[in-house]
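Colleague: If you count by mature numbering (1 follows the signal peptide of the UniProt record, and there is no 0), then the sequence shown holds residues -20 to -1, 1 to 226, one letter each, in order.
Treat the hints as calculated values from the structure; they're not laboratory data. What you are looking at is a predicted structure, and each value in this text was computed from that prediction instead of being measured. One thing to keep in mind: the hints can contain errors.
[As the list claims (entries may be wrong)] Only pairs whose alpha carbons sit at most 27 Å apart, straight line, appear in this in silico DSS-like list of lysine-lysine:
1) Lys77 with Lys224
2) Lys214 with Lys77
3) Lys214 with Lys67
4) Lys179 with Lys214
5) Lys72 with Lys168
6) Lys182 with Lys44
7) Lys44 with Lys214
[As the list claims (entries may be wrong)] Beta-carbon label-pair distances, calculated as ranges:
8) Pro116 with Gln184: 31 to 41 Å
9) Ile64 with Ser108: 23 to 33 Å
10) Asp62 with Ala140: 22 to 32 Å
Yeah, the Cβ is synthetic: ideal placement off N, Cα and C, and Gly gets one too.
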Amino acid sequence: MQSLKTILPTLCLISAMTTASMPVQSEQLFQQQGQPPLLIELYTSEGCSSCPPADNYLSQFTSKPGLWQQFIPLAFHVDYWDYIGWKDRFAKPEFNKRQYDYRRQRLLRSVYTPGWMVNGREWRGFFSRSSLPDRPQADGGELKARLVGEMLEVSYTPKAAHQQLIAHVALMGFDLSSQVTAGENHGKQLDHQFVVLEKLQKSQLEYNWQFKVERPDSTHRQALAIWITTPQLKLLQATANWLKPE
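Please model the entire structure based on the sequences and the hints provided.
Modeller: Spelled out as C-alpha cells, the structure:
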C-alpha cells in the first residue's frame, strides 16, 4: 500500500499537468466614461441600388482617428428588399424590427434604405453631404464591460436616476464582400465593414447584465459594441473595440 507521502506529490503533479493543459481564455475590457461617442447606425441592404455609396461612406471610418472612442459605426442589413431578387446574407428580421421601433417611437419619419440614425435620431445629412452631428455634451455616466471567452459582463453607473434600462450588444464583422448575381446590384462586388453579425439586448432594473457572445469561426476582423439606452431608445453611453483573435 502506498503511503500518503507518496500519493500526495503524485496528485499534485497530475493537478498541475491538467491545469497547464487547459486553454487560457482571453480577457478583454471595455470602458467609456463621461462624454458618450456618436453611435452611427446605417440601415442597408445588398438588394438596394442606392446603398453601396452609403456602405462606402461608413467603411471610411475604419481608418479615422477616434474610432470607438469618439464614434461607433454599425451596419444593420435589413431583409425587406430580398424579394427583388437578391437575398442579403447579412440581413436579419430583427434588424428590420429595430428600424421600425425607431419609427414607432417617432424618432424616424419613414423606414427606408439607406437609412441613418445617429445617437438615436434620424440623420439625413448623408444625402446633402453634411457633416455628422456633434457628440453629446452631457455626461453619460460610466459603462464597463468584461469579456472572458464567450461570457460578457456589463455594468453601468448612470449620472441621473433611471428605472429600467436596456443593454445592447452588437458583434461586428469586417472585410466582408459579396458577389451579387441578381437584383438591383447584379454584377457588382459589394464590400462591407462594420457589419452587425449578431445583436443581443436585455432590459433590467439593476444595471448589471450578462450575455453569451458566440463568435463565428472567421479569419476576418471582428469588433464588439456595447451601449445603454432607455426603453424609448435614448442613448446614454456606449463603448466598443476590436476583438482579439480567438
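Colleague: Could you work out which earlier hints the structure fails to respect and list their numbers in ascending sequence?
Modeller: 1, 3, 6, 8 and 10
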